[in-house]
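Asks: Build out the structure end to end from the sequences listed, making use of the hints.
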Amino acid sequence: MHDLIQKLTALPWDQSPQWLFLIPAGLMLLAAAAAVALRNLIHSALCLTLSFIALGVLFIALGAEFVGFVQLLVYVGAVAMLIIFAILLTPASEVSASNNPFRSFKLSRAVNAVAGGAVVALVLAGLFTAIFFSPRVRAAVPSPNAAAPVALIGENLLTHTLLPLQGTAILLTAALIGAALLAKEEKES
Amino acid sequence: MNLENLPLAILKAILDAFTWCGAKAGIVVPPWALTLVSILIVIVAILSVFLVMFALMSVLERKILGRMQNRYGPNRVGPWGLFQPVADGIKMLTKEDLVPRSADQIVHFLAPIAMVIPALMLPAILPYGRGMVPVELASGILYFFALGAGTEVAVFMAGWSSNNKYSILGAMRAIAQMISYELPLVMSAVIAALVAGTLSPNGIVMAQAGVSFGVVPNWFVFTPWGFAACILFYIGALAESNRSPFDLPEGESELVAGHLTEYSGFKYAIFFMAEYIGMFAINGLLVTLFLGGYQAPFPFLEWIPSWCWFFAKLAFVAFSMVWVRATMPRFRIDQMMQFAWKFMLPMSFVALIAAAAWHYAGRGLAAWGISFLIVAVPYLLLGRFCFTRRHTVDNRRYLFSE
Amino acid sequence: MNFPGSGLIKGMWVTLVNGVGSFFDPQRSKRLITEQYPEERPKLAEASRSFPFLIFDNDPEAGIRCTSCKICEKECPPQCIFIEQDKDANGKLFRRPKVFNIDISVCMSCQICVEVCPFESIRMDNIYEMSSYDRFGSLVVTKAQLLKSNEYYHGIHPTEAATTDARIEAARIKKAAAAKVTAEKAAAAKAAAAAKAAEEKAVSEKAEPPQPEQTA
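Residue numbers (numbering that gives the first Met the number 0), protein chains in the order written: chain Y, 0 to 188; chain E, 0 to 401; chain R, 0 to 215.
By construction, these hints were calculated from the structure, which means they are not laboratory data.
Some clues are possibly wrong.
Stated by the list, open to error - Derived DMTMM-like pairs (lysine to aspartate or glutamate); straight-line CA-CA distance at most 20 Å: (1) K62(E) <-> E34(R); (2) K62(E) <-> D24(R); (3) K183(Y) <-> D333(E).
What the hints assert, rightly or not - Looking from chain E toward chain R, a few residues come up when the C-beta cut is under 10 Å (computed): (4) V43; (5) S47; (6) R66; (7) N69; (8) R70; (9) N74; (10) G77; (11) V98; (12) I230; (13) V316; (14) S319; (15) W322; (16) Y359; (17) A375; (18) Y378; (19) R383.
Claimed, not checked - Just a sample of chain E residues kept apart from chain Y, beta carbon distances all over 12 Å, derived: (20) G25; (21) S37; (22) V48; (23) A311; (24) I332; (25) Q334; (26) A355.
Every residue gets a Cβ at the ideal spot worked out from N, C-alpha and C, and that includes glycine.
Replies: If you want it as structure tokens, here you go:
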């Protein structure tokens, strides 16, 4: 089984040791599962944050430093905060449900769990085949300029992908204006 | 053996001794073991330097504040009161660790840990001397701010898990402050990285080498845009480490202690330590980005070792933070927000434009003049007209009087 | 030159000059106002008070002013005074306290016991360093610890002690004068009674002529 996984996952430039991938990946999966399973909303938001951190660590472990740090900066610093603030501002967080995992066994719940698990397995299998057997991923080669990936990304952003960059800028500006408008109080006249 | 290479020589001596011991015991030490030992020694060295600096800072800050306020600081424990951190440490360790019963126990326990881990990881990328960078990262500046984001989550965890309305209010204000000031902070750092052409701290220090016009060192702080960016970075650093005048989240008269209300004993000491070590790390980054890092200002001063220069500049920046604390009163939360979004963010963009103008005008005297104008005019206009909106209050509702 | 931020710079300059100057100031002790506590004690105002004490004149045994009238014990709001009257050799109650305890962990320094004492015997002390390692035992002060001389009282509260002494002196003079008047009245009454007795004797002698002269 291990050989199979190794054969399937060995990509041409994958030089890092197995444990460097497995530990953050395992942590991420565990945190994501906890985020879904926990009753307390804030706890699940914090577990989601942990999974973001693990994903950032994974990016760094795979050599994509820039993406990893930006993941930490943006997802953990901003998106996770946003999720937590949204949870705090809605009344749902005040409901404290019981955290007892040993609830009474019901057949319908068991069937639901099995069906959900089957769907998840199908989706994951589809993703797996799509990623690892796609010709584009197989044919890609490591960047010759691995020492300066940030400069390359910047160059790419401002030359090849300039239009999406400007579109993103307009989108963010619109979001900022919208947020300010929503937060502004109506003046009673 | 000259003074400049002293730390590296010590490291090499320890590694040689390690190999020699291994040889005496008959084992050939594998290279990974040597790397591991060297990494461990570097970690221990940095942490011990920062912890000693933290201890000294906590007492020197009180003494300097005292002198500026016409009183002595602590002067009972040890010569000139310098053993006060020992007394403080004993007090913190022996205090009862109270956790409220209705607090979320796990999150309450994890919050100080989540706060101190990013703080301790911050000093890893700073260049302390020539060739003395613990971790040579190509995108070191980004690493720094990514870890700062981790601190915000810890503050929220601390405030929310205490199950106390002052804590959650303090945590919200602290997070709002940190996020708002992170933007000018990152923009200023980006300006320095832009002019230097690299995100690596060592590269940025190297870009500030030499002397221009014969008398002015090439440090970024001596250029108009660099001066503006340095001041913005400094203010952002004050806000990120929750120091006065931005210490509303932990001012005693405001919110008890904000998100730290329900922490006592060792956990409070951990928060305190995380705040100070974060402050030293961000001061180190300020020194690296704008004050020339470990470089001497003039070539004839090069005989002082580079790591001495780094720590001297760091000490100066830390002293200036204490000085600011002694001088300025605390911001109110709305003043803080307005200052960040209405003044500092536009100024950081202005500094960016000034830096670009300086670069494209050839980095000479004319470029200096142009970028000075680009910085000074918006600064004067913003400073004069930014906050002078007359607040007209009408329909005031008096609830308890006629 | 008044640009935005100039106020901040001026303020920082003032603080720096003040801070650095405090190291070189020849009048450092006046400028740095910290009172170095165990070496320098605070100067207390004259009327400052902490806990009560008992006064004696000249002799701790015989000169004790307290007569154990127990008024202060009754009037004390938190009831921290405990008095037991002395018995002399024959078992008869004697006007002096055998036991006089004040629990200073309860005493609230209200000074009511001082105000109601008819014999000027209990006054407020100003010693505040009475902390102990024991929560209960050593915070009950006994008669021996409470007795302090009148000279000590003059030392800590001079004006009050002078007024008290004047009052005691005036009371003594008045008592002496009253005693003198009573003595004079008694003497006068005695003289009057003696005169009256002599007069009555003379009258009775005149009423009855002497009989022995007529028989021959």
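Asks: Please go over all the hints and tell whether each is borne out by the structure.
Replies: Do the hints match the structure? See the list:
1. K62(E) <-> E34(R): Satisfied, since the Cα-Cα distance of roughly 15 Å is no more than 20 Å.
2. K62(E) <-> D24(R): With a Cα-Cα distance of about 16 Å, the restraint between K62(E) and D24(R) holds, given a limit of 20 Å.
3. K183(Y) <-> D333(E): Roughly 14 Å between the alpha carbons, so the hint for K183(Y) and D333(E) holds.
4. V43: violated (35 Å)
5. S47: violated (29 Å)
6. R66: holds (5 Å)
7. N69: holds (6 Å)
8. R70: With a closest approach of 5 Å, the R70(E) hint holds.
9. N74: holds (8 Å)
10. G77: Violated: closest Cβ of chain R sits about 15 Å from G77(E), beyond 10 Å.
11. V98: Violated, because the Cβ-Cβ distance from V98(E) to chain R comes to roughly 27 Å (cut-off 10 Å).
12. I230: holds (9 Å)
13. V316: Not OK, violated: V316(E) not within 10 Å of chain R, min 14 Å.
14. S319: Holds, because the Cβ-Cβ distance from S319(E) to chain R comes to roughly 9 Å (cut-off 10 Å).
15. W322: holds (6 Å)
16. Y359: violated (28 Å)
17. A375: holds (9 Å)
18. Y378: holds (7 Å)
19. R383: holds (6 Å)
20. G25: Given that every Cβ of chain Y is farther than 12 Å from that of G25(E), nearest at about 29 Å, it holds.
21. S37: holds (20 Å)
22. V48: holds (25 Å)
23. A311: Nearest chain Y Cβ is 30 Å from A311(E), so the label holds.
24. I332: Holds, because the least Cβ-Cβ distance between I332(E) and chain Y comes to about 15 Å, which exceeds 12 Å.
25. Q334: holds (18 Å)
26. A355: With a cut-off of 12 Å, A355(E) remains clear of chain Y, as the shortest Cβ separation is near 14 Å.
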